[in-house]
Structure formats: C-alpha cells, structure tokens
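Protein sequences, first through last, are from chains X and H.
To convert, note that position 98 of the first sequence is 1458 in my numbering; the numbers rise steadily by one, no gaps.
To convert, note that position 639 of the second sequence is 1999 in my numbering; the numbers rise steadily by one, no gaps.
Since the hints were derived computationally from the structure, they do not count as laboratory data.
Careful: at least some of the hints might be erroneous.
[As the list claims (entries may be wrong)] Facing chain H, a subset of chain X residues (Cβ under 8 Å, in silico):
hint : residue
1    : MET1661
2    : SER1670
3    : ARG1750
4    : PHE1891
5    : ARG1893
6    : PRO1896
7    : ARG1897
8    : ARG1899
9    : GLY1903
10   : ASP1959
11   : SER1967
[Unchecked claim] Computed list of lysine to aspartate or glutamate pairs in EDC-like fashion (alpha-carbon distance at most 20 Å, straight line):
hint : chain 1 : residue 1 : chain 2 : residue 2
12   : H       : LYS2001   : X       : ASP1931
13   : H       : LYS1751   : X       : GLU1681
14   : H       : LYS1518   : H       : ASP1528
Every residue gets a Cβ at the ideal spot worked out from N, C-alpha and C, and that includes glycine.
There are 2 protein chains.
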Amino acid sequence: MHENKALPFGQVTISDQFWAHRRELVRREMIPYQWKALNDELEDTEPSGSIRNFRIAAGLEEGVFYGCVFQDSDVAKWIESAAFSLAYAPDPALEQTLDELIDLIGKAQQPDGYLNTYFIINGLENRFTNLMYQHELYCCGHFIEAAIAYYRVTGKRKLLEIICRYVDCIASQIGPEDGKKHGYPGHEIIEMALVKLSEVTQEARYRTLAEYFIRQRGQEPNYFEQEIAGRNGEFKWRESPFGLQYYQAGMPVTQQTQAQGHAVRAVYLYSGMADIARLTGDENLQKACRTLFENIVRRQMYITGSIGASSYGESFVDDYELPNDTIYGETCAAIGMVFFAYRMLLLENRSEYADVMERILYNGAISGMSLDGKQFFYVNPLEVTPAACRKDWKYHHIKTQRQKWFKCACCPPNLARMVASISEYVYTQRDDRIHMHLYMSNESCFTLSSGQHVKLAVTTDYPWDGKVSIHISQAESPFTLALRIPGWCDTWSVTRNGIPEAADTEDGYALLPDCGNGDELVLNLDMRVRFVRADPRVRQNAGKIAMMRGPVVYCLEEADNGTALWNLLADPREPWTAAWSDMLGGIMRIQGTAWRASDACQEALYSEAPISYTRIQATWVPYYAWANRGEGEMSVWVREKGL
Amino acid sequence: MHENKALPFGQVTISDQFWAHRRELVRREMIPYQWKALNDELEDTEPSGSIRNFRIAAGLEEGVFYGCVFQDSDVAKWIESAAFSLAYAPDPALEQTLDELIDLIGKAQQPDGYLNTYFIINGLENRFTNLMYQHELYCCGHFIEAAIAYYRVTGKRKLLEIICRYVDCIASQIGPEDGKKHGYPGHEIIEMALVKLSEVTQEARYRTLAEYFIRQRGQEPNYFEQEIAGRNGEFKWRESPFGLQYYQAGMPVTQQTQAQGHAVRAVYLYSGMADIARLTGDENLQKACRTLFENIVRRQMYITGSIGASSYGESFVDDYELPNDTIYGETCAAIGMVFFAYRMLLLENRSEYADVMERILYNGAISGMSLDGKQFFYVNPLEVTPAACRKDWKYHHIKTQRQKWFKCACCPPNLARMVASISEYVYTQRDDRIHMHLYMSNESCFTLSSGQHVKLAVTTDYPWDGKVSIHISQAESPFTLALRIPGWCDTWSVTRNGIPEAADTEDGYALLPDCGNGDELVLNLDMRVRFVRADPRVRQNAGKIAMMRGPVVYCLEEADNGTALWNLLADPREPWTAAWSDMLGGIMRIQGTAWRASDACQEALYSEAPISYTRIQATWVPYYAWANRGEGEMSVWVREKGL
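All chains, please: the whole structure from these sequences, using the hints.
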C-alpha cells in the first residue's frame, strides 16, 4: 500500500535562521513565561489558576476552581510545547519540572481515570452531562497530544498512561453501545488526538472512538438537541446564523459542504475527519474533506491564511465575506488550519495543501507573536486604524498592540507548540519518494522502503531568497526527491550538480528521480515582487491589491508611510525594489513609488472638488512583523492605481 | 430687537406634489395604522400596550405595564402627528378620538399632576429616582409637544393644562432649590419642549426649567454619578468609549465640542441649547451650539444627512468615522438633527443650517418610510448586501426591508410628526424680511413688522426641477424676500417679472428687496448631475464618489444594476442623463455608462490575474426610494474610475 507518511519524530533537525530564531524564542521566552502564567506568578496579567486547579483537584490545596471551563488545556498545551522544545534544546531542569507536573496530574486523576479539574472540583456528578458547552473532551484531546509529545521526545510513558486511563474512562461513558451517551465534543480536537494515540499505542480502540465522534456528529436524533432539551431549551446560538452548525453539529459531517461556525472547532474537526478519511479510505469522508478544504481556501481564507471572519462566535461568516478590519482571524484557527492542511497532504500529496500550510505559517500564524516572543495577538486583522478601534465598538475585539497574556489564553501556547514542532511539517514520505513541502534549512534522515537510509542537508535563506540547496549523503540506494513548486511561483529551475535539469512535475511537485549519494540539488524559485488581487466576489478588496514576495504577504505600516493609509494608491506596473534590512529582526523590505491622496482639509465634508494625488515613496514590510514598532495604522490591501 | 421668528402655526399651506403626497400618506396610512398599533389591534407585530397602559393607570382596567419604559411617548407622538394632520385635513372623527384619548390621559393623571404610566402602575415611590435610565422627563417632553400641537391646531386647551400640571409637578421635585433633586433627563427632549411651552403659555417658568436642565447637565458634583453611586455603582456604559457622555452628561454643555454618545439624545439636547442660546443671548452657549453643529455637519454626518455611525449605543463614533454598511443612522436622529438645524436658523439666518435641514429631509429622513407609507426603517444604511446582513452579526441591526412596526417604535411616529409638520420649516421671518429656506409649492401669509400683510404663492416641481416661481399678492408694503441659494448649487439666477435681477447674497440667501404686490419672482437653480467626494479623512469613502442632483442623493440598486455593486466604477466625466420616470412614485432617474469588473470566477481566491472591466449602462435612483422593489443590494458610494 502506497501511503504518505509523516516522519518519525526527531528525524528533522531545523537549523533555519527564520524558524530556529522563533523556536529559540519559544524555548527562551514563551515556555518560561507561560509556566509563570500557569502558576499565577505574573504581575499585571489575569491569573491563570490552572496549576492551582490541579493542586486543588489532587487534594493538595483547598480552594475553588478558577478560570475558564477549559483551563486544563493551557497546562496540556504548555507540556506539549515544552516537550517539543526538549527535542531541540535538552534542558534537565525543564524536564524535571515536567515530570513533577505530570506527577501532580496523576494525583488529580480519579480512581476511574477521570481527569478534568473543573468537574473534580465542582462535582463529578455533572461530568459528561453537557458535552456541548463544557470542554471535557477538548481538554482530554490536548492532554493526549501533550502526552504523545512528551513520550516521543523523552520516551517517558507516565503521562501517556494517565491519559489512556482517562480516555478509557470516557469510552466507558460515551459511545455507540446501549447505555452509553451517544455524544461527541462541543469543541473538537480529541478526534485527531485519538488517531495519534492509536498510532503511538497501536491500540485500535482509540481510533475507533475518534471515528465514532466524527460519524455520530450531527446524526439524528441530534445529541446536542437532546442536551438542549434537558436544559429547558436554553441554547445560546438559537437565534444566530449558525444554530447547531456553530459546533458543526447541525448535520452529519459528510453532508457539510461549507465551513461554518466556530473556526477553531471547525478546522480541528476537519483535521480529525482527514485522519479518519485517510485511515479508512472512506471516499465520502474524503470528498467531504476536500469540499470543506476547498471551501475555506477558495472562498473563506484571508490572503494571510487567517480564517474566521467574525468576532461573533469567533466564526466563519460566509463565502467571500472577508472584512479586513472587523475580522477575527484567531491565531488558533490559523494553527488548526495547518493541522487540517497537513492531514490533507497525508491523504493525498498535492502541493495546494502545502501551499496553504506555508501561507499560514509565514503570515497569519506567526503574526500572533511579537518579534521578541513576549507578546501575542489573539485576533489578526489585515487593516487597523487605532483611533477607530478605540471608538467604534465593532472593533472591540481588535487589539492594536500584542498583549502579554489573555484571560482565555488559548493562542500563545498553541503558537508555542506549533513553532516548537515546525519540523513535523517539512517532509512526508511515500515509499522511496521524499516530499519536501516547506523550505527551511535542516538536516534530516530518512529510511526508505528498502530499509536503507538517506540523509539530506538543506540550506536556504528562505523565505527571503528563493535558492534552496540540498546536499544528499548516506544514500544507500537511489530515491526520488519531490520538491514543492509553490503556487505563487511561476518561474523556477532545478540544477543537479550544477547541471540544469528539466524536472517533470506531479501534483505541484518537481520530481527528481534517482537521487544519490553526493548529489547537490539546487532549487531556484523566482522571488519577484508580486501584486495580488482578490476574487471580485470579495467586496472588501474590490479595486485593491496586496503585495507578496515569495510566501510572505506584505503590509503598509504607519511607521513607514504615515497615517491615512487608505489614501495610498499603488501601481503594479511601477518598479519595486526588495532589499535586505536589519529592521524588524531582519527582513526584505520593499520600496517604490506610490501615490497619496491629498488630505488637505476641505471645509465641507462632501464636495465636488477633485482630490489631488502626489507621488510618494512607499515602504512595505512583512505582515507578520506588523505592530512591533508601537501603535499605528496597518493595511495589507491598498488601492490599485490606474483602474 | 431683530429676531428670527418662526411663523405662527397654520400660516403655510403646502400644496407641493412631493410633500403633499407624503403628508397624505401620514394621514391616510400612518395615523390610522399607528392608532391600531397603540391599541394592540395589529396582527403579526409586537403589541404596543401604550393605550392599555393609560387605561390601567387610569384605573379603568386591571393589568401590568407593558413595553419599554418610554412607551407613553408613542402615544404623545401619535397625538402630535394626528394634530398636525388635522391642520391640513380636518377630520371630526379623528378629532373626537383625540379628545377621548386626552380624557383618558387626564384620568391617568395623579392628584399632584404626575403622569407617567410606568411609575403609576409600578409604584410611584420610585418616580424621579432614576432620571438617567428611566424616561419620565423624555415622555413628558413628548407630551408637551403633543399638547402644543393639539392646542395650536384646535385651540383646545385640555391636554395643555394636563401637561402644565405635570410639568409643575416635575418642577416641584427637580430644580436648583435646596431640597429638590439637582437632576436632568437621561434622554433629552423636554428642554426644547419647555421652551415651546413657555412661548405658548407665556409662562417664563417653563423656559427657566429648560435652562436649568441644560446648564445643570454635567456640572460637578455630577448628578448621574450620584444616581449611579446610589445603585451600587451599576452603570451600563462604564467600559464603553462614552462613559457619561453617552448622555452628554460627562461635562457641562458649554465645554462639549464633539457630538458624542446616543445620537438622538445628543441632537435633542443641542436643539434645546440652541433655543436657550437664542433666547438668552448667551454667547458661550451660542458658541457651543455652533461648535457642535459644525462638528456634526463637517465631521460626523453622512451624505444623506443621517447621523449616528454605530449601533452600539445608537451613537456617534468619532470624527470622520462614517461606515456605510454598519451605520446606525436612526431615522429619529435625522429628525432630531432637523430640529437642531432649524433652531440654529432661528439663532442666525445662515443658509448652511437650512442646507442641512434640506439634506436630511430629502434623504436620510424620508428613507425611513416606504413609498406607500406602510413600512419603516429604524436604521438607514448607505450600503447593503443582503446576503452579508443575514450572515455577519455586525449587520444584525440592519434590516434590508422596511418593517411594519418595531418593539421600540420610536421612529415611525417621529417621522409622521415631522412630515405632518413640514410646513413649519419652510420660512422664518425677521422684521420685514421673509426667509424662504425650503422650496416646495405653498401658499403662505405673513404679517410684517408694520402689521401689514403679504401673501406668497409658490409653485415648483422641486426637488426634480430647479425652477421656483413666487407670486406676491396682498403686499400692503414693500418687503425683502431672502431666497436660500443651496450649498450644492453653484449656478443660479433670479428674474423679477421676467427681468433678470442681479441679487446680492447675504449668508447664503439671495436678497430681493422691495418686493411688492403682483411681483412674479422666479428662482432658477441649476440641477445638473453632480458627483461628490468625501473628505479624504473618511476612509470608508476613499476613492469613491456619490451622485447627487439638486438636494437628492442617489444610489445604485440591484434591481437596476444587478448584484456585486462594489464591482461598478463610475466616471464623473461621462455624460449622465436625468429623465423623468414614473417608477418609484415618480422620480428623476439618472443613467449613463459605467464600468463593471468581470466577476468571472477565478480558481484561486488570490491571484495576479488582472481584472477586466466592461462598459455597462448604470441606473441611479434617489436614495430615499431604495428598498421599494424587494430585497436587493444598494450602495450610495461607488468607485471612481480613472484614479
């Protein structure tokens, strides 16, 4: 069977400037900071209460549960990022902290395996009674992922065993059998976590439970409607545009054709669906995954890869509804979309999936953290006018500056685990073909189907430079290297040992067969400045263009271009110069001539007077780096001159 | 003393096609319909409960108070419109209904004069304890205006006497004296109503109370802060951008320089301020009025005359914050702005005030009613995409079709009283000079300072035609006619008895001295199609133009131009043809060549592919007439071609 496979953990060693720097920020800044946050040791921020909740649940301390009902998940996400960081930066003290934390978690676990501090503290009689609103299965999903990461990195099984006991407890209560609740989580994630758990433990029952959660979702009689009826009909989203689709539970998943409802929940579900679709070969489920993926990417995704257009319910809105200023674009949703895209890539090796991963990773995901790794965005707007954000309530959710921490602190730890595990997304392998999806400097080892080994050493200044050099060593037998030709790139070339090679492409990958020991491959991707337009059905971007170079989306900031960015016009036909700058942590800065409407005050608010335009020098910087120079306006889309 | 004076009631008889039709709709449709609504005789709409509340308060029926705390005001507004309608269409049956209603109101009045059904029914011990949230003084203000209208039209004093007793009751509880509450209304209107009451009754104490409410507002110690402290600090707007400025009570009114907070409350307050500024000659108050008026008109008013940019608190947002799609633009706020502008005109005869009245009346006010007078908008957007309104919660307040009635039914009766009293706004008089502010066919009588009389007969097809003919008769002595030259008009001429006259202008009015018996004056205003741009600080309109002809703002509707109006571009340099059409109740329709971006589907949501534009025929219709042909897109602003 020809399967796309993820690489066993630890096979890819990232040495890339761009990503190694960020992984270092995770290790040096985020993990210690978040540990303090979880322990309520930060001043000037909302307390977390999460570790204390575990101490109370373990009987080590008196007190009441504090925080959101899903507060446990912050602990799990922290464990996961810390575990990943140990893989690239061993740290015995951190490992000891983790071991002690895992001991504490074990002490909080109930005799039957149950493990959620909210219900342990507030009364176990209510557990599993409100799968829709409460987050028991969600928190469990995060703990599964944390346990797997820690096991993979350290080989220690304790947390894995704790969590398997918890899953078994869940499976004793929820499932298809008579006498069990025929439910599923209100906030998905456990589906994809259980698939991983099944792979790690080789226990099929976890995958079976994941499949049950997916297939049971939205079936009649509707479990959530039953829960609602049991709560006297109280249902927060009844009058909303979503109804039960807020939870992607208004119909069976195979009937869902548009991404709807809460964006993070949606893409976490679709990720689990893609896993099950791949493992079962179920064509209906595969089709549903493709349809939903296409719906998002072709109709509901921002150019930065962000998803979720509305703050109301942190939700998808509708096809082509992509407001740049009132967007939600939660960092977690972008990360979830990477999970989905990566799983689609495992399902079928098509470059469009990797294109989406890349679009998100270099733009709408890392925009969630400051360049010093100390502050975070939950919401990632594409157009910001700070004065308006202070005055107009529809921008209430928009922060113009990254924050130190959040009361609902889902995004920073999610970003930490994503960055810390970036190596997972670089390659997949099918038989003797190695697919390289993301371009970053790394050294990696592969085992071919013959059992023989290959080592690749990749060096590149991506995303700033389009040259990717690949040195092959220890290749005991020939293999095929498949290099993604990004969707944004229309001019590229490959050389092998200095000789141009006319590589065939398949599903968006340049195929380089018969790679062998000592081969030096060089991929050159054209990195010209590109101006991109949105589909004309996106009314918010009508008459506007956005600048990209390579995978990087650019923006205009007030720091470079002054205020009233809406009065700027850019002409794609002008020459634009990209040059290295040490500003903003080191970027390719793009400059050229643009036009600015005169903001000379008219006496009247409305008049026939024409508006004059003057030529100016405009500066574009990468979107991900915005808001690192104080508060100011920002815009990704700019009016196109000459229409 | 040279004072600008409103004309005594009943002096102006409107015969205008445009307005007479609407006044007839008020009489024939709105007043009977609203009477049914007040009596809960409508099916398929929210009950009103207002008349029943009075019956319960009068002890004629058992029951609980129903509706908003300001439900009484709907009764008052209905009385006022019905009274005005009797002036132009006598109706003994309606007058009898009014008399019976007034009897009922009299029965509900308490021995000490108190008259608010909410507190009469729910407990008088709580009256005047929550001036900020409750609407006792607001309802009283509306009843004062109703009583004055009914008295002016019929000469009947009963309601006037009832309401004077209520005001005296209020004045016994609230005022500057020791032992009284040093408060003022949370929702203004009583200020301007008391000024009128003082004029009608010649009782100075009502004007004194109005002045107290205005001057005490926002003074330290802040009365509302004291009320809030008495409610354990509970204050809905504490975390909002407004604070107490939601009520225009965060500082003394003479210190207020930006229109802030709830838009209707704001302009009702400013109307009262303008009255007191005029009557007292207080220069600080006059300056505050001018500053606030200018702030609105030059920075916070839509091209349609609508005000109040945000649904959050139905409020002003900030200078130049004028979103066309998420606008509130409440019909009542537009009406209130007419009150303010008219009072500024009484303060000083400058055409800019009348320009604002005209802008509102022909656009953002009458857009609030359907062409058949049966359905109403509370919110008046300038850009509507129905599909988005159903899906994006930020448009939750936007209705794409006018509604029959509202739970909070302030707007339809407010519009009824405005339209029914349109004759009030046509002229003012100063000594022997008659100022004509609005152009509509009418016959009117004036008494000059000498005591001699003048009669004017005006005929015009305004706003469709710029010719205004004025026949003077019964002029016993010469006088000056001052004709407003609208701010939108740069080419105009006047003839007297067929001979061109080079009239001087003063403060925006063409002066025609020595007008005498038999004179035939003709004013010609150029009615070319104009494309208007917004101040470049309005980011929502950057690169866009709006079409106007005369005072009428035009819009594009889906019914004429298809969907995706954001893909249209118009070039002001193209020829545009205005021609009469019987559609939409009879309008000048404007047509010409525009461009439309191809909406050919691209496979990718973002691409470098240029968008092609094709020439199309575009049709503009008056904004006020939008949404009379089923649901569809609409936009006032369109992208300007050639930038």
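Each hint, compared with the structure:
1. The beta carbon of MET1661/X comes within 6 Å of a beta carbon in chain H, closer than 8 Å, and the hint placing it at the interface holds.
2. Among the interface hints, the one on SER1670/X holds; its C-beta lies about 6 Å from the nearest C-beta in chain H, closer than the 8 Å criterion.
3. Interface restraint check for ARG1750/X: the shortest CB-CB distance to chain H comes to about 6 Å, inside 8 Å, so the restraint holds.
4. Taking 8 Å as the C-beta contact cut-off toward chain H, the hint placing PHE1891/X at the interface holds, the least distance being around 7 Å.
5. Nearest Cβ of chain H to the Cβ of ARG1893/X: about 6 Å, under the 8 Å cut. The hint holds.
6. Because the smallest distance between the Cβ of PRO1896/X and any Cβ of chain H comes to about 5 Å, under 8 Å, the interface hint for this residue holds.
7. Proximity of ARG1897/X to chain H holds as hinted, the smallest CB-CB distance being about 6 Å (cut-off 8 Å).
8. Interface restraint check: ARG1899/X against chain H, minimum CB-CB distance 4 Å, threshold 8 Å, status holds.
9. The restraint placing GLY1903/X at the interface with chain H holds, with a minimum CB-CB distance near 5 Å, inside the 8 Å limit.
10. Using the Cβ-Cβ criterion of 8 Å, the hint placing ASP1959/X at the interface with chain H is satisfied: the shortest such distance is roughly 5 Å.
11. For SER1967/X, the shortest C-beta to C-beta distance to chain H is roughly 6 Å, which falls under 8 Å, so the interface hint holds.
12. Between the alpha carbons of LYS2001/H and ASP1931/X the distance comes to roughly 15 Å, so the proposed pair stays at or under 20 Å and holds.
13. A threshold of 20 Å between alpha carbons decides the hint, and for LYS1751/H with GLU1681/X the separation of about 9 Å falls inside it, so the pair holds.
14. Under the criterion of a C-alpha separation no larger than 20 Å, the hint pairing LYS1518/H with ASP1528/H is consistent with the structure, at around 15 Å.
No hint from the list above goes unmet by this structure.
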